Every structure is written in structure tokens, then in C-alpha cells.
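Read top to bottom, the protein sequences are chains A and B. In this text, residue positions in the first sequence follow the numbering used here: the first is 7, and each later residue adds one. In this text, residue positions in the second sequence follow the numbering used here: the first is 40, and each later residue adds one.
Keep in mind that the hints were calculated from the coordinates and are not lab data. Among the hints, erroneous ones may be present.
To give an idea of the chain A side of the interface with chain B (calculated C-beta under 10 Å), a few residues [what the hints assert, rightly or not]:
#1 Val59
#2 Gln152
#3 Lys210
#4 Ser271
#5 Cys302
Since the model is a prediction, treat every value here as computed from it, not as a measurement. Every residue gets a Cβ at the ideal spot worked out from N, C-alpha and C, and that includes glycine.
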Amino acid sequence: MKNKHRLLAVPFIAVCCLTAAQVAAQGGDKGEAALASEYSEKGADTCLQCHSVEPFFSTKHARRDDPRTPFAGLQCEACHGPGGAHAKGMAAGQLVPITITFGPKSKQTAAQQNKPCLGCHERDSRIAWKGSEHETNDLACVSCHQLHTARDRMLTAGGQAEKCLTCHIRQRGDFYKATVHPVRYGTIRCSDCHNPHGSGVAGKLLVKSTLNQTCYTCHAEKRGPFLWEHAPVSEDCTLCHTPHGSVYPALLKKPAPLLCQQCHSPAGHPSVAYTSQGLPGGTPSGFLLAGSCTNCHSQVHGSNHPSGARLMR
Amino acid sequence: MTPASFRMLVSIVSAGLAGAASAQQSPAGAPAPDTSKWECKSCPFPQGAGGDVGVGAVNVNGDSYQFGRYTGLKKDTYLGLDASARYAGGAGYADFIGTDLGLPYRSLEYQHWLKGFKWHIGYAELPFLISDSARTPFSGAGSTSLSLPPTWVRGVTTQTMPGLAASLQDVKIDSSRKRLGYGLAFMPTRDWELGVNVKHETREGTMRMAGSFFLNSTQLVAPVDYSTDDVEAYASYAASKWQVRFAYQVSMFKDSNTSLSWDNPYAETIPGATLGQLGLPPSNQFHQISASGAYQFTDRTRATGSLALGRMEQDESFLPATVNPTITPVALPRNSLQGQVDTTRADLKVVSALSAKWGLNVAYLYDDRNNKTPQATFNWVTTDLQPAATPRTNLPYSYTRNLFKVSADYRVTPRDKASLGIDRDGQERTFQEVSKTTEDTAWAKYALRRDQFEVSMNYASGRRDGSSYTAVPQISPPENPVLRKYNMADRDRSLVGFRAAATPTETITVGLDYSLAKDDYNNSPVGLTYSKEYTVGVDLSAQVIQGTSLHLYYSRQKIKSAQAGAQSFTNPPDWSADNTDTIQTAGIGLKQVLIEDKLDVGADLTTSHSVGDIRVTTALNEPAFPNIKSDLSTFKIYANYKVKGELSVYASLWHERYSSQNWAIDGVGPSTIPNVLALGETSPEYKINVASLSVRYRF
Numbered sequence: 007m008k009n010k011h012r013l014l015a016v017p018f019i020a021v022c023c024l025t026a027a028q029v030a031a032q033g034g035d036k037g038e039a040a041l042a043s044e045y046s047e048k049g050a051d052t053c054l055q056c057h058s059v060e061p062f063f064s065t066k067h068a069r070r071d072d073p074r075t076p077f078a079g080l081q082c083e084a085c086h087g088p089g090g091a092h093a094k095g096m097a098a099g100q101l102v103p104i105t106i107t108f109g110p111k112s113k114q115t116a117a118q119q120n121k122p123c124l125g126c127h128e129r130d131s132r133i134a135w136k137g138s139e140h141e142t143n144d145l146a147c148v149s150c151h152q153l154h155t156a157r158d159r160m161l162t163a164g165g166q167a168e169k170c171l172t173c174h175i176r177q178r179g180d181f182y183k184a185t186v187h188p189v190r191y192g193t194i195r196c197s198d199c200h201n202p203h204g205s206g207v208a209g210k211l212l213v214k215s216t217l218n219q220t221c222y223t224c225h226a227e228k229r230g231p232f233l234w235e236h237a238p239v240s241e242d243c244t245l246c247h248t249p250h251g252s253v254y255p256a257l258l259k260k261p262a263p264l265l266c267q268q269c270h271s272p273a274g275h276p277s278v279a280y281t282s283q284g285l286p287g288g289t290p291s292g293f294l295l296a297g298s299c300t301n302c303h304s305q306v307h308g309s310n311h312p313s314g315a316r317l318m319r
Numbered sequence: 040m041t042p043a044s045f046r047m048l049v050s051i052v053s054a055g056l057a058g059a060a061s062a063q064q065s066p067a068g069a070p071a072p073d074t075s076k077w078e079c080k081s082c083p084f085p086q087g088a089g090g091d092v093g094v095g096a097v098n099v100n101g102d103s104y105q106f107g108r109y110t111g112l113k114k115d116t117y118l119g120l121d122a123s124a125r126y127a128g129g130a131g132y133a134d135f136i137g138t139d140l141g142l143p144y145r146s147l148e149y150q151h152w153l154k155g156f157k158w159h160i161g162y163a164e165l166p167f168l169i170s171d172s173a174r175t176p177f178s179g180a181g182s183t184s185l186s187l188p189p190t191w192v193r194g195v196t197t198q199t200m201p202g203l204a205a206s207l208q209d210v211k212i213d214s215s216r217k218r219l220g221y222g223l224a225f226m227p228t229r230d231w232e233l234g235v236n237v238k239h240e241t242r243e244g245t246m247r248m249a250g251s252f253f254l255n256s257t258q259l260v261a262p263v264d265y266s267t268d269d270v271e272a273y274a275s276y277a278a279s280k281w282q283v284r285f286a287y288q289v290s291m292f293k294d295s296n297t298s299l300s301w302d303n304p305y306a307e308t309i310p311g312a313t314l315g316q317l318g319l320p321p322s323n324q325f326h327q328i329s330a331s332g333a334y335q336f337t338d339r340t341r342a343t344g345s346l347a348l349g350r351m352e353q354d355e356s357f358l359p360a361t362v363n364p365t366i367t368p369v370a371l372p373r374n375s376l377q378g379q380v381d382t383t384r385a386d387l388k389v390v391s392a393l394s395a396k397w398g399l400n401v402a403y404l405y406d407d408r409n410n411k412t413p414q415a416t417f418n419w420v421t422t423d424l425q426p427a428a429t430p431r432t433n434l435p436y437s438y439t440r441n442l443f444k445v446s447a448d449y450r451v452t453p454r455d456k457a458s459l460g461i462d463r464d465g466q467e468r469t470f471q472e473v474s475k476t477t478e479d480t481a482w483a484k485y486a487l488r489r490d491q492f493e494v495s496m497n498y499a500s501g502r503r504d505g506s507s508y509t510a511v512p513q514i515s516p517p518e519n520p521v522l523r524k525y526n527m528a529d530r531d532r533s534l535v536g537f538r539a540a541a542t543p544t545e546t547i548t549v550g551l552d553y554s555l556a557k558d559d560y561n562n563s564p565v566g567l568t569y570s571k572e573y574t575v576g577v578d579l580s581a582q583v584i585q586g587t588s589l590h591l592y593y594s595r596q597k598i599k600s601a602q603a604g605a606q607s608f609t610n611p612p613d614w615s616a617d618n619t620d621t622i623q624t625a626g627i628g629l630k631q632v633l634i635e636d637k638l639d640v641g642a643d644l645t646t647s648h649s650v651g652d653i654r655v656t657t658a659l660n661e662p663a664f665p666n667i668k669s670d671l672s673t674f675k676i677y678a679n680y681k682v683k684g685e686l687s688v689y690a691s692l693w694h695e696r697y698s699s700q701n702w703a704i705d706g707v708g709p710s711t712i713p714n715v716l717a718l719g720e721t722s723p724e725y726k727i728n729v730a731s732l733s734v735r736y737r738f
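Next comes chain B alone, as it looks inside the complex (with noise of 0.2 Å):
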């Protein structure tokens, strides 16, 4: 952003912070009255703290990593705890939630507010089980240093290292993230507040990864030992007409581990490449400071800004180029990164009533990635193996936006709204195919909106031309000259959607749902060519009779796309691609009151069903792919029954079935592929039964 443009963006932003805050009045309008002998003295303040406490017991009968896969949930019996207190006064407040303490996922949070104090503090756990269906031969998993038996004899292909069957193991892969928050904020008068936020996260495990000797390649398992902590501070005022916040934020990334190194199991084809090393991410910075504001120039009409000024940083000493000690070492052009990225965005948001009837919405967007990190050409090894023979430079990609939108809304009705509207999107990028593109949209909406039903209606229409496409001389080998990056491509962008809600009785909703999304990229020879999503989905929620309610719910999603591709720079394309995902999902939802503030029962069932179509055209006219399947059944049945007072007992049991199959890992065990050493993983597949048992007492 300009310097001159800038000033003119904050003159108009601190031209409406000048005003003055006009006098409160009652949110109505209306004389606010003497509420001094306002007693509230049949007002039900509670009396001391509330709450609930339920402790209960949860089995589960069998293992999967896919079902447990964002809970942690194993075989196992696990004792569970769910708690809530509150305590309200007169001028404070204090709540403590606890849910499902016992349970791999877990959270605490509590928060406390006092006359312009609040203060909270959460804690949470969060589970990521990856995959336990994986084989290697390397000891040492979750370390950076991976290493195969000492009786390790080297195969030319995975097929002839003899050692390999009976060196595997099973080994696990997941991570789990610990995460502790807490604030403080302050409110010496009702339009202040200054705080600050704080948040430490650890995530601790293994992942997968993968590490090669050229084109003999090895699926490894890595370390993962990471901790971010981001601190944000803030202050922000709001006035009758305007509001101001400003904060500070840093985001500070470290990686405990700098490098993975793993045994060369393949047969050395040149000597000294027994051993190999990968990077693992580098620890990272944020700093970014911002401010934002608005000003209501009049009960109609309002402007917003906000302007965020960023810096990324990363200057992590770099490994060797290669640990091959039979290469002489490699100079390289400084120890580290010096990496830094700067980031400006600002926007501007102007919304006005002109009327009762016509609205005007104007907006800007300015957003610029500017990668300052140093050039320097480095000499470099290819897989630890030999010193490649052309020197690389480093391409700091930048990039700016420029997006501007145009909006106008008439009513027809007070319920009832067209509206038009066009958006100018700008990209400018740096060192790629396209320096810049430029996107067109024009877009039209209606909303009605009447007491039994509404419906709205949209369609967008966009083109995206870009400035000539040049390839990037820096990038070695070059791409065919006529593949045309989606992202920079030519595109034409069709995109229609369709909503209707219906309530047509006191006790039957019913919902239409429909969307659809089209690119054309036409003057892409080779690359993604074409691409079509829709879903439409329909609900319905009825109380069938008193006391009985049911929800039913199916959705429908295709998503297609082409892509042509080229074996040859001279007779392009030469091959095609085409993926079609359909995904179906439908659900079924019952609730009765089988007596009275005494019992309830329920049960839910929901289905999922993913196919993923792959075909691959070439003269040889080879058969399509299987498909890419998953069928999900979920099936849970509740009961909650109140036994005395305040106490309650809630039962529930849980199946849920789960298959899938991924001819990328179905029947690739560790030997199958030659030159990848694979990790052997399954399509996850399971039948599980989760029963549970609660009692709750409500204090």
C-alpha cells in the first residue's frame, strides 16, 4: 500500500474517531426512565452456586484408529466425569464447565467475571490417531534417528531384502495436542476494555513421512514435538457511534527436533549413501500488530476498516547439505534463512440504508504477502546421493491483492431483498507462470421471507483472464509450456444456489437446499480443465404428536472435475483424467417423552456413503481404477430417566460400522512396490459397540 493512500484510508477512518460520542439513550429511542425504584424483588436470583455433576463409565469393545480417531477412544472401560457449577451474584459471575474428564478428549474451562474484571483459564486435550495398520523394519520411531537391524542386509528392490518380513513391526501413529489458554481483561468504564489472551499448545507423537535415494523411496515414521505459544494483546474502546481495537499479537512455533536421519535400506548405488537425512519444519515466528475500527455516520449508514500490519520470521540454522561422507562438503551462501515475510492487509467497508428500500455496500480489500527472505543460489546434493550439477536459487514468492466489491439491495417488501452486486478480484504474484490475474464477478440474490416459508435464490457469474503465461526460467526441468496452473488459469466460474424453509403447521419445518459450482478453464491444453460441485439437500423436523419429535435429513454432493495431461511437449494433450466423488449422507432422528419430566428415550441413525470415481484415458485404453469407497453407520439409542429430584440416570449405547478401500494402500504392503519400502497400511475397517452409563445430580 502506498504511503498516500494509506494517509487517505486513515483519514477516513480517524475523520469519524474525531466525532464525538453522542449522549446514551435507551436502545428504543425512547426517554430512558428512572429505574431507581425498580426493585426486581420477584426477580429468581439464584442463591449461590448451581450446577450439575454426572459421573459415569464408557466401554468401548473394539480397536480402530479411524474410529477413535479425533477422540483417542480405544478398547477400553474409561470413567467419566462431566461437571458445571456456576456461581452468580449480584456483580460477579464465575462458571466451571468439565467435559468428559476420564476421556482421551478432554476440556476444563473457567471463566470469572467481577464489576470490569473477567478472567478465564481452558484447558483441553485433543487426540489424533493416524494409523494402526503400519510395518516397518526401523527401530527408533518417534525419534530422528531411524535405523534398521544390525543384521540388515541391503536389497537392489524391496523384493530382495531378505531381512524384511522379519524385521517388521507394528508401529503406531498418532499425536496428541495439549492446549492451555487464559486471560485477563479489564473494564475501568463500559466503553473500555484492555486484555490479554495467552495460549500454549503442545502436540506430541509421531507422523508419517516419507524419505528417498533418488527414486528409491522409504515411508518412514517421524517425531513430532511441538509447542506454539501465541500471545495477544488488545485494547478497544466503543463510543455510541464508533469503536476502536487495537492489539498485538505473536505466534511462537519451536520444534524440539531440527532433523530426521533413517538407514539407507536399499542397496547403495553409490557409495557412501547409507544413511539419509530429512528436515523436519523449522521453528517460526509471527508478529503482527492491528487495528480496526468503524464509525456510524448516521442510523443508516456505517464504515469499517481494519488495517493489520504482519512480519514472519524463520532463521533456523540449516542441516548440511547432505551427510554423505564421501561428498565433499557443500559450501553453502550463508548458515541460515534469514527468512522474513512481511504482511500488509487493510480493508474498508462502507454499508449504507439509502432508504427504507435501497442499500449500497462498497468494499476494498488490500492484502500483500511480501517475502523479503535473501536470493542466493546453493549448491546442493541430490538425496544425499551426488552434488547436483545446476546450482538452485530460492524463489521468495509474493504475492498482493487488490478486491473490490460493489453491492446495491432493494426491498421489496420489509422481508423481501434483491440484490446485485460485482466484485473486481486482482491477483499479483511474483516469480510464477502469470504476474497477474484478474477476476470478474457479477452476482444477483433474492430473499423472501414470508410467516410460513422463506426462500432465496442466487447466481454469480465470473471470468478470470490472467496477463501472458511465461514459465518460470529459474524452475528446472521445465514444465510443458502449454500446462496452465489452475490457480492462474483462464476461468470461467458459474455458481447458482437455492434455499427454501417451509413451516407449514406449528410443528412440521421442512428445508430445500440445492448448490451449484462450475469453472471452465478453456484455455487450459494441459492441466485442470473443467470442474462441477453441487448438493442439494432436504430436511425435515416434525413433532409428530405431542411429546414425539422426529428429524429427517439426506444430502446429496457430486464433485466433478477433468484434467488433461501430456507425456510429450510436442502433441499435448495426451492423456485425460477424470474424478468424479459422489457423497450421501442421510440421517433419521427420534425423540419421545415416554413419561412425562420422568423419562425420555431417543435414537439416531445416520449413514454415510463416499465413492470416488478415477478414470485415466490414454491410447492404451487401460481399465479405470476401483473406487475409492467409504460407508460410515452410526447408531445410537438414549435413554435419560429422573429418578428422584435432582437426580438423573442417562444410558445410551452406540454401534457405529465403519469400511472402506483405497487402492493407493489396499493390498501395498512394505515389498509390493520395488523401490518404496512401504508402510503396509489397510483401509481402516471396524464394528464397534460404546456403551455408556451416567448418573447426574443437579445442585
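Bound-form chain A, shown alone (with noise of 0.2 Å):
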């Protein structure tokens, strides 16, 4: 299971690609305004004459006595950038504009709205946020994140469904489904999940190294590794399950036989029609009805028993 040839073209390919991006960053930089001026005299004693956010001061950035916190330092501007012009030009009854505003009705790009955050945040579970689904959109950090606020929505279950499906019109109407995982009753977090400040490589912002680990955090019993492996199941939980919601039980992505018939046909009962004949109204099939094919082979997240190859014990 080697490929030599393509994990040695890796290094090649990104070396070349970062040769190129170092080069032509030497010309860059042009189109992008200069943010920086001034900063004011007093710090926050002057942004709090006309601005109110008592609830900021009890949050951990607003900690004047611990140098890691932006309250230690540049205080308000610490994140808003200098605010010297902006102060002395209200004072002078002049529209001067702070070097930084956030929210939608900003006029910095999403990537200059996050450059404070980033200057304190990127490490650990936000080193990958360069590159990231939701940065690659354009999404700043306070599309989702309050700080002026006393709590933070995204920090909580019930505040950060809310948020999250406001977007993610999909997940929304999967959590109403007849089986679920619980997020709209705020017993999980989209973020038990899911890391949506970015993942590495493989795409869906999960918090664990691969898809399977990620379900073997609350489902290690499914873990093994097996005697008897279902090979579909060490490989992609999501093959036969959909993780938000299904019309179907167990998060099962269509019900058996059918399910099972997509991938099993050998001769016999496994490669059977079985129709509505089988119905409690017709002729009674335990090949369709109850747990269908999981009557028998109900072990079809693999076995351990020495007699359980076909996932029978």
C-alpha cells in the first residue's frame, strides 16, 4: 500500500508553489489599504465617552492584569487598531471612522477583521483556519463569535445550533428527522463534531483525525479492530449512515434489505426481491420485516466470536 512516486511529488509540488508565492508576495501588498495610524491618548477611558459594552469587561479579554488578554495591552484597540484620528475627529464633530470595524457592515475584508483575532488565536485547534472551508468563504470571526457580549453564543449548545444552521440550511431539516443526533435539544454540539476553524485536507471541519475517529469519540465500542470486519464500516461510517439525520432508523441512509442488497448479491436469500408480498398483510418476511437482514446478521459492525464470520454471533 505504498505510493512512492506521488508522496514524493508532495514536498516537490509544495515547494515550487511556495518558491512561486514567495516571489510574487514581493509585489503584493499594493492593493491592500494601510490600516495603521495613531493611537489615542487615554486608551479605553476615551472609547467609553461615547461607547457602552459593560458586558465586555466581564470576559476573559477584558483581564487588565494578565498580559496574555487584550485589556492588559492596547486595551480597546488592541483588536479595533489605532483609534487616535477616530477620536480626536468626533471630537472635532468630524465622521472619522475607527481603523477597525466588524460585523457585516464593515468596510474591512473579512481577512482584515480577523487579522487581530488571528494575532492571539491561531494555534492550536485554529492553525488550520488559513485555507479552511469557512475562511476560503469569507466568513470573519465575528460572523459566528460575540465578544462584546457576556457570553459568547457560540460557547454555548443551544447558541451555536442556532448559528451554525442558520447557513447550513441542510442540517436543518435533518435535525427534525425521525432519528437524529440531539443537537437541536442541546445535548450535543455541532462542535463535538466538527472544528469549524479548520481541519486539514480532508474536508468536512471534523475534530479528529479522520471520519471514523470522530464517531468512535462517543462510539469506541464499534472501534475494534475485529475479528470479523465489516470491510464498509472500518473504512467509512458514512457509508451506510447519514450523521445529521435520516427519515430511517439508526441514521441509516435507506432501510434494509435494500441497504445491504446495494452491496450483497450472492446467490440465494441475500440477492432476493422482496417486495410488499412480505408484508404482515401477505406472506411474512424476516428477510424484510423488523430488523430485516440485522435479524440474523446482527453483528454487521463486525464480530469477535470465532464462529462469527458471517457476522451471525
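Dock the two chains into a complex; use the hints.
What follows is the structure, encoded as C-alpha cells:
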């Protein structure tokens, strides 16, 4: 299972791209507006003459004796940028905007708004923000997070679901289906499975290295390895399951026996067409009703029983 | 990953790490001022602790496991308590949140910061109610041994078990998780963080299972008694230009039970088969070391990479091949699996804004599951009935994935962006019909943003081709040679997405979302041949008049698929099946400020209607299946009244109704199917009212 050529090509491509990027970047930045100007004379005391953000002062960001927080340093201007011209202008009755404003009405791009945040937070689980799905879709940190409130909604289960599902329309509908992962009830959070700040290359913004590892976080009993593995189970849980919600039991993509018959058609009962004749009004069929295939092959996630080769023990 | 390529990967990352951190400057790039005289006299720092506490009662007037599936709510009156408290000092910070204390789903969280230290502890209970309509003749549900009544007379079929009806007893199937998590982090300097996070989770209760003696099956209630311990220790360092994180993670899963045995309710077709035994999930563990890093080459170019090396292990003692005393004990090649799977995951991503307008992204992922579990040939027993004629050899599946992504962005304006990309996704597998598949995807995206609206649209087209499709010789009986398993079959995929959001006035927001995914499996005579899914959604949020806000949404999703089957190898396919799921969800929410700063009222109504339509077509032209349906309507009205000062009262009335139909269980009693002694469950249906009243005090 080795592919030397491809593996060797990767660092080569990366180096080439990096070199090209470096060269190109030499002449860059011309189109970006300069953001810097002078700072205010008194810091927050100047800002608070006009702005009231009382809840902010009970948040982590406002711990002035902890040098890791913005309020131990440049205070409001740590995030909003130098406010000297803004303060002077406003005092003189002139509308001079603060260097950086946040939110949908901001004149700054998402990248410009995010820069102050990333100055401290671009590490650990946010290390791969640049190039991630949300970043490339021009989301700003404040598109989701609230900084001036006592509790950021994204740090609560209910607030997180509400915000995420504003854009993720399909998932919002999924959570009202017959079987779901209980995000709608607030007992698990979107961030239990997803890292919205970027998680590598595979996509889906998952919290763990692979999709299956993410599922094993709560379903470790399916991790195995088993003596008799069911090949798709060890490869990708979503080959059979849909993670957010399903019309069918156990978050399955479609009910058995049809789900199983997409991959199994040996001679005998697995290949038979089970029709409505097998319903209770006709000739009730154990291959169709109750657990269908799992009436006998109950160990679909793998069996460690020496006689479990057919996932029946 | 080869050692040579790994060394090159490391060299790129380490070259970045070797760069010295540049001196700190203000985020905006301006020279940092002297802030020693910034007194912050007017800053309203809180004095002492603050928070709120709410005490109340919740009455649920009905019982349904479907209603309480994820909350555990049953017909009862619960005393509830919500509380939060925060202390914010100059250098420290302590925060406590207690949610739904007194209810079956409850959680507590506490976190504490103090200049370089932070620690947290949390506890949560998560009920999972599975079924309240099951019936079984077995006693001992929830234990590892299920027994039939002493007077039980075995029958050839479920209809000829004379004591079945009289011995049926209701059994509830449910489980509950209890999760305790805690952690400590130490930040000796601004750049370093060292920490450990621990989680201990138990899951106790029951679950559905089934066991059979050849084709005579019984649905069973199996015990769940799991515990999982996860520990992660990490160290991270962040300079202005580069960041790294190293971590070690271990996850230990333990199942207190190893097997489930049950009395055979069917007449013995072979002597001695009076008891069956199933294996329960074996205890296992997973270890992983990981390193991730990033280097900011310039303000416009950043590289990130990670490497994770993991090992899954499972070595629980094997159960005997049978518990049938009339069968000569079967010798096993070893006493336990000695199961070991090594996982390697490495990725590298370079993101560069080549200029103010052009951007380039290059990414690579290597994901390897190397199953090192030793192979052996096992003599085995068919469902505790008789020794199998042909021994079986276990197949330790391995796979390797190589994913390449290259894309370019062009900023048409600072807020408009066009993107193009290509992906190549290669999979290699062992012991499977297709040893290698390659999927190439090209995609394009355009996003446009203005002050009052934004639009984005994307399209992707992909083609997956595999190497030759060859039957796996160890699989017996063999699959139909023209079957193509859909995760390895040749596939053409198309994806379309469109999203628009507009804010025509300060008080109105409108959104439209559409997505389409279509897969064609053109070279699959038998198996999944086609699937298509689309979702369309619309949203409207408006402030109708001062103090009145309205929110409306609607979405419709349709999931279609087609598959072909073959009852005979000689002339496939000879039957087909079409599956269409249609799901519609609509909601309306209204919130009204009746008395400014005194009384708010609101109402929310959501309905969801889903239909699963399945048609299996054969030469006999049988009628279609009845639809699988579910209808959910949930309506809630609420009011929040500020009595005086920091004291407020919250009241709500919540009505929810649900109905469903599922032909797989409707009308299927314990003796309906001759060879399946079923649990006799019914599709859930309920109408439940929930009233709550609470008093909240803010301090």
C-alpha cells in the first residue's frame, strides 16, 4: 500500500508553490489599504466616553492584570486598531471611522477583521484556519462569535446550533427527522464533531484525524479491530449512515434489506427481491420485517466471536 | 508513507520552524504606544461575582420514548434549576454554568483562569430512550443471560409456541451516558501552553440485538455497560510566525460484558442447540501521537501540516466457537485476536495570496489504515447448530488514501471571488474487489458580496474509476460477478450549489439556498446505479414593527436512489428498486415586546413531514410498499416578565405531536413472522404538552 511517486511529488509541489508564492508576494500588498495610524492618548477611557459595552468587561478579554489578554495592553485598540484619529475627529465633530470595525457593515474585508483575532488565536485548534472551508468562504470571526456580550453564543449548545444552522439549511432540516444526532435538543454541540476553524485537508471540518475516529469519540464500541470485520465499517461510517438525521432508524441512508443489497448479491436469500408481498398482510418475511437482514446478521459492525464470520454471532 | 518522503515533509515543516519569531508589534502594524498611563478609570469592571439563578417546575403530561428520546423526559413533574455565576477579577476569571439541573439531561461546567493557569471540569448526563413498545418472553433483559419461562414449549415457528402470548412482558430499551471531563492547562509564558484533558464516560442500559439459529431468529434485549476513558496531553508553542502543537492521546474502551446468551425458543432442528451465545463489543484501546505546525512565510503565505500516528488494539479472549454441548469443542488457532491496526495520517497545506487578487492553495493528505492483525484459519460453528464445512480465514482490511487538492482564487473585487480547483482522490484497499480507485474532481465557485446582498454558486464534476473488479476468493458464497459495490464502483458525480442572502432594508433579511448532488454508477449492472439529492431552503427574518420580530423558513429535500438486483447469476439484473425520500420542514417564529423592558412574549411553530417511498419492481409487478412516514409539529409559546429589579418570571407552554408509519414494524407482532420472534414494536405516536414556570434572579 505504498505509493512512493506520489509521496515524493507532494513536498516537491509544495516547495514549488511556496517559491512561486514568495516571489509573487514581493510585489504584493499594493492593493491593500493601510490600516495603521496613531493610537489614542488614554486608551479605553477615551472610547468609553461614547461607547457602552459593559458586558464585555466580565469576559476573558478584559482581564487587565493578565498580560495575555488584550485589555492588559492596547485595550479596545488591541482589536479595533489605532483610534487616535477617530477620537480626535469625533471630538471635533468629524466622522472619522475607527481603524477596524467588525460585522456585516464593516468596510474591512473578512481577512482584515480576522487579523487581530488570529494574532493571538491562530494556534492549537485554529492553526489551520487559513485555507479552511469557512476562511475561503470569507467568514469573519465575528460572523459567528460575539465579543461584547458576557457569553458568546458559540460557546453554548443552543446558541451554536442556532448560528450554524442559519447557513447550513440542509442540516437544519435533518435535525427534525425521525432519527437524529440530538443537536436540536442541546445535548450535543456541532463542535463535538466539527472544528469550524479548519481541520486539515479532507474536508468536513472534523475534530479528529479521520471521519471514523470522530465517530469513535462517542461510539468506541465500534472501533475494534474485530476478528471478522465488515469492510465498509472500518473504512467510512457514512457509507451506510448519514450523520445529521434520517428518515430511517439508526441514521441509516436507506432501510434494510435494500441498503445491504446494494453490496451483497450472492446466490440465495440475499439476492432475492423482497417486495410488498412480504408484509404482514401477505406472507410476512423475516428478510424484510423487524430487523430485516439484522434479524440474523446482527453484528454488522464486526464480530469478535470465532464463529462470527457471517456476522451472526 | 515512505521514510524518504516523510523526511522531506518534515524538512519543509522544520525549515519553517527554524525561523526566528519576529518582534511583536501592534495588530494593525502601527508602533505600539506607551500604555502605562492608560488608567481605564471609566472601565465598568464588575465588582465581585455576578450571575443568575432560575428555579422552576416542568410538567410533562404524556409518555413517549420518541418524545424523550434524547432528553429522557417522561410523564412527570420535574423541579428544574438553571444557574450561572461568574467572577471576573483583574487577572482571574471563574465561570460556572448549570443547565437543566433536576431534569434527566443535565450538565454542569466550571472553568477557572488565573494568570497562566486554567482548569475546567464538566459533567453531563445524556439519556437515550430507544423503545417503549417492545415485548419479550425472555426474563433477564439487561443481563447477559436471557431465559424463557420454565414451562416454555418450543415451537417450529413462532405461531406454534403455545406459551408465547401468555409469557410476553413489556420491556423498555434505553441507555444513559454519564460524562465527566476535566482538564488543566499551564501557560508559563504567552507563547507556551501545556495541558492535559481527561474524559470518563459510562453508558449503561440496554439495546436491541438479535440472534439466530440458522434462519430462526429472535430479537433480544442486550445489556449495555460500557466505560470509555480518554486522556490527551499536549504542548503547544506559538510565535508570531510559526506555531506547533504536540499531543498524545489515549482512548480506552471497556465493555463489562463479553457475551449474551439466550434460550432457543424454537424446536431443536439439531440436538443440543438449546442455547445460543452472541459476542458483545470487545474492549479495545487507541493510542495516537500527533504533531501539527504552521509557518507564516510572509503576510500572504502560510503552510500548515500535521502528522498523526495511531494504533488500535484489541486482544480480548475469544468466546468458545459454540456453547452447544453436543458439538466437539472446536480448537481455535489462538486464544485472542492480538488485533492491531496502525494508522498514519499526514497532511500539508500551503495557502498563498500571490497578489492582492490572486490566491493559490495546494494541499495533500495521506491517510493509511494498516491492519496488522494476524491472519488465521478458523474452524467455526454455524449458529451453535453444527460445525461449518469450510473453515474461514479472517481478512484484516487495510486501506490507503492519497488526496491532492490544487485551487486558485481570483478577487474580482475585494469582496468578489472566483475560485477554480481540481482534486485527485486515490484509494487503495486490500482484500476487496477493487484494489485501487481514483476520483478526479474539477470545481468552480463564484462568490459575490455587496452591502445589501451576497450570492455564491458552485459546481463540481467528478469521475471515479477503479482498477479491475475481481471477486475476493476468501468470500464464500461468492457475490454475483456483475455486482459493483458502490464505494468502489465507477462513478460520475455532479454537485451544484447556490446561495443568496439579501438585506433589502435595515430590518429584513431574506435567504435562499439550493444544493444538488447527483451520482451515476454507469458500470454497475447490479448494485446501486443512481442517486440524486437536492435541497432547497428559504428564510425570512424581519422586524415587522418596532418591538415585533418575525422569522420564517421552509426547506424541501428530496433523496432519490435506484438499484438493480439479480436473483440469478445467469441473466442479471432481474429486479430493480427505487427509493425516494421527501422531507419538508417549515417554521415560523414571532417575538413581541409588549411592554418595553418589562414583558416579552413569543411563539414558535415548526413542522416536519417526511415520506419514504420504496418500490421494488420484479417481473411479477407487485404493488409498491406503503410509505414510511413521520410527521412532527412542535408549537411553543412563552413569556418573560420582569417583575422588579433583577427578578423575572418565565413561563412557557409547549405542545408537540408526532405520528409515524413504518411497514418494517407496523403490524409485526412477536409471532407475525414464522421464523422471527420479534419485539413487536409499533411506530411511535404522541401528543404531549409541556408546561414550565420558573423564577429567575440576576445578581
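Evaluated hints:
Checking Val59(A) against chain B by beta carbon gives a least distance of about 9 Å; that is within 10 Å, so the hint holds. Here the hint on Gln152(A) is broken, as its CB sits about 15 Å from the closest CB of chain B, past 10 Å. The restraint placing Lys210(A) at the interface with chain B is violated, with a minimum CB-CB distance near 12 Å, outside the 10 Å limit. Taken as an interface hint, Ser271(A) checks out: its beta carbon lies about 4 Å from the nearest beta carbon of chain B, inside 10 Å.
Among the interface hints, the one on Cys302(A) holds; its C-beta lies about 4 Å from the nearest C-beta in chain B, closer than the 10 Å criterion.
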